[in-house]
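There are 4 protein chains.
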Amino acid sequence: MNVAATLAPETLAERLSATRALTLALAEPLSDADATVQPMPDASPAKWHLAHTSWFFETFLLRAVVPGYRVYDERWPFLFNSYYEGEGERLARDRRGMLSHPTLDEARAYRAHVDAALAAAMPGFDAAALELIALGIAHEQQHQELFLTDILATFAANPLEPAYAAAEHWPGSAPVGDVKWISGRTGIVEIGTNDEGFAFDCERPRHQVLLAPHAIANRFVTNGEWQAFIDDGGYRTPGHWLSDGWAWVQSEGITAPLYWGGDGTAFTLAGRQPLDPAAPVTHISHYEADAFARWAGARLPTEAEWEDMAAAHDPRGGHQLDSVGAVRPRAGGEWFGDVWCWTGSAFLPHPGFRQPEGSVGEYNGKFMSGQMVLKGASCATPRGSSRASVRNFFPPHARWQFTGVRLARDC
Amino acid sequence: MNVAATLAPETLAERLSATRALTLALAEPLSDADATVQPMPDASPAKWHLAHTSWFFETFLLRAVVPGYRVYDERWPFLFNSYYEGEGERLARDRRGMLSHPTLDEARAYRAHVDAALAAAMPGFDAAALELIALGIAHEQQHQELFLTDILATFAANPLEPAYAAAEHWPGSAPVGDVKWISGRTGIVEIGTNDEGFAFDCERPRHQVLLAPHAIANRFVTNGEWQAFIDDGGYRTPGHWLSDGWAWVQSEGITAPLYWGGDGTAFTLAGRQPLDPAAPVTHISHYEADAFARWAGARLPTEAEWEDMAAAHDPRGGHQLDSVGAVRPRAGGEWFGDVWCWTGSAFLPHPGFRQPEGSVGEYNGKFMSGQMVLKGASCATPRGSSRASVRNFFPPHARWQFTGVRLARDC
Amino acid sequence: MNVAATLAPETLAERLSATRALTLALAEPLSDADATVQPMPDASPAKWHLAHTSWFFETFLLRAVVPGYRVYDERWPFLFNSYYEGEGERLARDRRGMLSHPTLDEARAYRAHVDAALAAAMPGFDAAALELIALGIAHEQQHQELFLTDILATFAANPLEPAYAAAEHWPGSAPVGDVKWISGRTGIVEIGTNDEGFAFDCERPRHQVLLAPHAIANRFVTNGEWQAFIDDGGYRTPGHWLSDGWAWVQSEGITAPLYWGGDGTAFTLAGRQPLDPAAPVTHISHYEADAFARWAGARLPTEAEWEDMAAAHDPRGGHQLDSVGAVRPRAGGEWFGDVWCWTGSAFLPHPGFRQPEGSVGEYNGKFMSGQMVLKGASCATPRGSSRASVRNFFPPHARWQFTGVRLARDC
Amino acid sequence: MNVAATLAPETLAERLSATRALTLALAEPLSDADATVQPMPDASPAKWHLAHTSWFFETFLLRAVVPGYRVYDERWPFLFNSYYEGEGERLARDRRGMLSHPTLDEARAYRAHVDAALAAAMPGFDAAALELIALGIAHEQQHQELFLTDILATFAANPLEPAYAAAEHWPGSAPVGDVKWISGRTGIVEIGTNDEGFAFDCERPRHQVLLAPHAIANRFVTNGEWQAFIDDGGYRTPGHWLSDGWAWVQSEGITAPLYWGGDGTAFTLAGRQPLDPAAPVTHISHYEADAFARWAGARLPTEAEWEDMAAAHDPRGGHQLDSVGAVRPRAGGEWFGDVWCWTGSAFLPHPGFRQPEGSVGEYNGKFMSGQMVLKGASCATPRGSSRASVRNFFPPHARWQFTGVRLARDC
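Protein chains in written order, with full-length UniProt numbering: chain A, 1 to 411; chain B, 1 to 411; chain C, 1 to 411; chain D, 1 to 411.
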């Protein structure tokens, strides 16, 4: 990978600094206790996100390439290693909420220590190390999104329904128009990336795919449309559902998107708020997205269909994360932002995919089983981190992320 | 679908008769008690297979299209409906082993009743009904394979290790040679089917796919090669495994293929027998197949790669099921037979797939989530039921079927 | 223990023979498949009861005291050891339903072999061995009762609701009168036994207990009274219930005794039959018995209260098991028979209890935790095996036995 | 109940004030985050203990008997009701760790509010209300002990092993001598209480019990003795164990008391510390206590045996809780203090027990199932709250309390 341009030290240092600062800012509204709670095994405490992103830089850069670097605290890699088998034993994922120690301030001190060590060492980094800096930035941006969705899950688990931030962009927006179908290209196109700039391993390599005639909706499915699905018995009609999805609906007693209150409200980062009928529906599982599409006489787009069409749009546009606040999906969005788009594609390797060497090779490759691809970006995705080739992925039942659906159909 | 040729009543009637007879023959070695036991929720009692395949004809043909047909026993559809939501409530899948009544002989009487009613009605069937006969035959052939794998699981659950049939084809065979890599075609090819003859819904439609340069091994991975994987610490090295696979290995304590005894033997339909080092390894999960491939510096073939290459081979060849006996994978096989080949492809709809109307539309479509495609045929697949376009599918942890692996690689 | 009288070889031999014959007779109505099914981990297949009771004699008598005795089949102790750690590894309790082999006839042949070996050896047995014969008889009688309750559970698990035997004693009986309260003795009394005749280890030793003023109802709670409890919201009112009981009611969705159909019928050994309002309610858990008593302004009797009062009654009287048939609790019973009486006493050792040496010491002692005592006998208890000192015991949620309730109160 | 003496308002007010102050003091060393974590469903966050004990006074006194009292926060009863069905719906017990809000300071403010309201209203309280004050004090004292055991569990769940307080009373003590057996009284004695002073409902009424000849050890089993049990294979020998206990040992992989490190250390309120061989073993389950006793050729004392002998000793003596600190069991103790003594008695009602009216009647009565009685007091029991008649109770597998064992035997 040629890092000459976008990974030039000056730019990288600035991006690193800005990214590290945003994470700190996201934690600003939280108390130490808020930052300690883990509402479910899938979600991590805010404090853990702060420390884990620092552990990432410490492990893959400071320990790996900086001579004489001493680990900040010998006991902390056990706490803040997420899933890297190559980096040794670690705290069970469902026990991350046990960490009243270190405190939030101690986690901040760890960040400062790592930042200082990186700043000192970075002028001497070679291209490979700079690539790891870029990876560390992108990694931290992913955790910024998780930070927000996990704190939403945390506050949703509290019957007092605390708000993370004041309500902005409320109340709702003007009605959106009927869906317009945009025809996609047919035949051989290319997706994935070989760009010199940063991309995650799983986005590579750029490769040809074959598209059959299809069209994709010009906007997301809205809360209002979802209510119509509910009113039409959508959650009670097995014929709309995948078999696994129907089993999930029944065993979990699912009757609406996550956080919906049944009274026209939903729990949000601004606490309980009225649902905006024109805004994209969010916090739905792949099972729900698929069932809705079947009910609507449509289907989910494939990853390639979406990526080829979205590639013509600006990945820095739309409603994405710019600063700390009670972000939410809003009407009037673009191809990127608001909600991640569930696709009908399983998360499997692109043809020619090669897993990087070493522990960092565990980043994405080992998760290529049992998960579905989501494309685009959400209201919680840091602006600037989006690319058409980005491959987000979650199991089909997951719904605590800002997930939504954009319909597609054969032509 | 034009059923003029292969679905002509005479031929169909003969195939129906032969298929129904084979099922009865498969049950011949079993006692009523043998046919009642359910060793795990995934596997059904032999008796249930006998009755369910008759229920299928009764429900989708006799009740649906034969005027005045009276259900054999009003209580039995509840017992023998497998998973068709459109056909109403049914016995929980994990309670199929409670059925000491009806007896095996009563299940046989049910079969005779259905056979007679079909024979009487078939001369008047229209094309749509004849297609359903073809589907019923193919359905029963699938259950013949399940019959054998489920009875193997049943006897394996008994510490006395009963044999279903006498050992044939034992002892082992001559060593097989080193793998030879066969280059596949590159560019746009077609898979799936539009054939006038029978095919399952999920094999349709025939469509174009794009193949990158690749090669596939000329034979399956053998027991001997699998032993080398074990000896090299394959089951103890997380780096070989998908994350879900590694979690499965640890939680289930997996150290070898299912039914291996740790002493050079494996449990088979002929009871405990020595492993044949030259025979294809079987009873492995997708997780294991994937880990082995990674260990071997290779990968699994995609569905399209396999199907395009296998289409040049005779689907009636190789070691497939011809008659009752202790079938097993053997060295010296062909592209079809011995073991199903795990692919790296998720079981998702072919482009343009349409689910049939009515309850029968639940046949395959609703299972297109969380499962991986297997291609080819096994030693337990009735000869004549195989096609290159057939899409078998199981969850990645399943391994009680005759599943195996054939390596592939990029070129 | 002096075995001079009741354990005299002649008498013992006759009792042994009669007991062994009754077990065979109980199996007579069953097919091999019926005898193979295990409906839940708590219940064992009929076939297993036949073989286990023979294993008991083989293990504790033939192998232990008969020189040169060879085990019938070396593999069978693994199958038919119930819970004796001292006798080695054994088939997991929830896998007893996997045994289509040995067949029911093979289990019968095993019985014949053991019977013949016992008959040959018994003339030479010393007193200790004769005591073990008496234990083996009592053990087999316990399994005769389990045989019937387990086959009831087996047939209840089959939607076809097979009947074990023809309905006898149906329809119902004349109404029973209001409860009369019988005052018990107060002060120091004796319970337990030191008798020379047979008793289980846990009934020993006879010891003093102190009774406070109390009274016990002259009859069991009836189905009609239980219906009144249901109609009064008994299963929906947490205030009636122990905390564990209420949790059980909610998690299991309990709304009536086990096998009640909600339509005035219940499933019985004679298939589905109308409930007899005058007959003792049965198939209730300790939680239900306790809740009913609280609702009725009463309590359960203690073991000592019950035993001291029942000691004046004939343990051979009442509705107990005399022969094969669809036994059921009936109105007009006595202190023994119809249903076991749940007490308010935990199953703990009598003061001075000593666990016998060797594996046979595992018989009762190790279960003295987490279970409640039941007293008396049921319609499925072999007549002649009952004693006032017998201590039956089950966990408080168990209800597949013929369990009932007789109220008590302080005076 | 005559409350004339010990429940006189002045005394009560002082005791209330002291008790409330101690709870606050116990929380002093904790951060808001420390006070928020819930390490397992059985243990509650420190913050929850602070608020729940205030909810108790608010619910059973302020709301019930003070005209015009307004609930502090309408949403909080849902959060801080523990298990009172009569008081309505409540937060699931295993979700108490979600409460980063209210903060620890807000919980303190709630306490201050309740304290002020009580102080204002107390002069007008009648005898019944004063009894409830006494109950509230005793209730809070129970929670003081739980506060310490739960914070120990909380810090034990953190790999950093924080200390709650500085180590005091370390290092260990002089060896203790051999056990001396103290003969108990025989015949009819009285236990339980009718005292005019405070006692929990379940301690009442005083009643006669009958004691058989027995002796009890003059001291607790020590860590050193427990090590000998381990060294002798105690955890690997099924013959020592109750059946449920052995199943627990195997499924949980138990090899030592809770918090033992396997290296001569144990985790304590002062962090990891060397084990004192002469100190009473603690954090053992009833299963372990029972197994040890069997191994030692002894048994556990019954509740009545213990209570009758302990009644001659000062319940205010021994190592009990006087102030905030890293309490631990120590050698040289008395009958009360150090560790709770597991008995062989199930927690069942005393003869003549009557459950109080209203929600407060749920205090103890509904838990009289599936639990074993513990007697005495521990190092975490507030001095002054102990009585010989106190009946502590836990399920037989519980071991996060300061539980220990004192042997007994028949004479």
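Hints were generated in silico from the structure; no laboratory data involved. Among the clues, some could well be false.
What the hints assert, rightly or not - Away from chain C, derived, C-beta distances all over 10 Å, residues of chain D: (1) 212; (2) 261; (3) 398.
Said to hold, decoys possible - Where chain A lies over chain B, by a calculated footprint (3+ residues, C-beta under 8 Å): (4) 28-38; (5) 56-68; (6) 144-152; (7) 208-216; (8) 398-409.
Stated by the list, open to error - Computed Cβ-Cβ distance ranges for the label pairs, DEER-style: (9) 230(A) <-> 28(C): 43 to 49 Å; (10) 67(A) <-> 409(B): 36 to 42 Å; (11) 409(B) <-> 25(A): 29 to 35 Å; (12) 25(A) <-> 92(D): 31 to 37 Å; (13) 232(C) <-> 352(D): 55 to 61 Å; (14) 411(D) <-> 161(C): 53 to 59 Å; (15) 237(D) <-> 263(A): 57 to 63 Å; (16) 261(C) <-> 247(B): 40 to 46 Å; (17) 64(D) <-> 230(A): 49 to 55 Å.
For glycine and all other residues, C-beta sits at the position ideal for the given N, C-alpha and C.
Worksheet item: Under a C-beta cut-off of less than 8 Å, do 3 or more residues of the segment 398-409 of chain B approach chain A closely enough to confirm the stated coverage?
Response: Violated: only 0 residues of the segment 398-409 of chain B have a Cβ under 8 Å from chain A.
Worksheet item: Does the Cβ pair residue 237(D), residue 263(A) satisfy 57 to 63 Å?
Response: holds, 60 Å
Worksheet entry | Satisfaction of the hinted span 49 to 55 Å by the C-beta atoms belonging to residue 64(D) and residue 230(A) | Violated, since residue 64(D) and residue 230(A) (Cβ atoms, about 43 Å apart) do not stay within the stated range.
Worksheet item: So does residue 232(C) sit 55 to 61 Å from residue 352(D), Cβ to Cβ?
Response: Hint violated: Cβ distance 27 Å, outside 55 to 61 Å.
Worksheet item: Does the Cβ distance between residue 25(A) and residue 92(D) fall inside 31 to 37 Å?
Response: holds, 34 Å
Worksheet item: According to a criterion of three or more residues whose C-beta lies within less than 8 Å of a C-beta of chain A, is the segment 28-38 of chain B covered?
Response: n = 0 at 8 Å, threshold three: violated.
Item to complete: Against chain C, does residue 212(D) hold up as non-interface, every C-beta pair farther apart than 10 Å?
Response: violated, 4 Å
Item to complete: Using the Cβ atoms, figure out if residue 411(D) sits within 53 to 59 Å of residue 161(C).
Response: holds, 57 Å
Worksheet entry | Cβ separation check - residue 261(D) to all of chain C, threshold 10 Å | holds, 29 Å
Item to complete: May I ask you to test the hint 43 to 49 Å on the CB atoms belonging to residue 230(A) and residue 28(C)?
Response: violated, 58 Å
Item to complete: Take a quick look at residue 398(D) and tell me if its Cβ sits farther than 10 Å from every Cβ on chain C, holds or violated.
Response: holds, 13 Å
Worksheet item: Would you say the segment 56-68 of chain B counts as covered by chain A, given the rule of at least 3 residues with C-beta under 8 Å?
Response: As far as the segment 56-68 of chain B goes, the hint is violated, because 0 residues have Cβ atoms under 8 Å from chain A.
In summary, the structure is inconsistent with hints 1, 4, 5, 6, 8, 9, 11, 13, 17 from the numbered list given earlier, while agreeing with the others.
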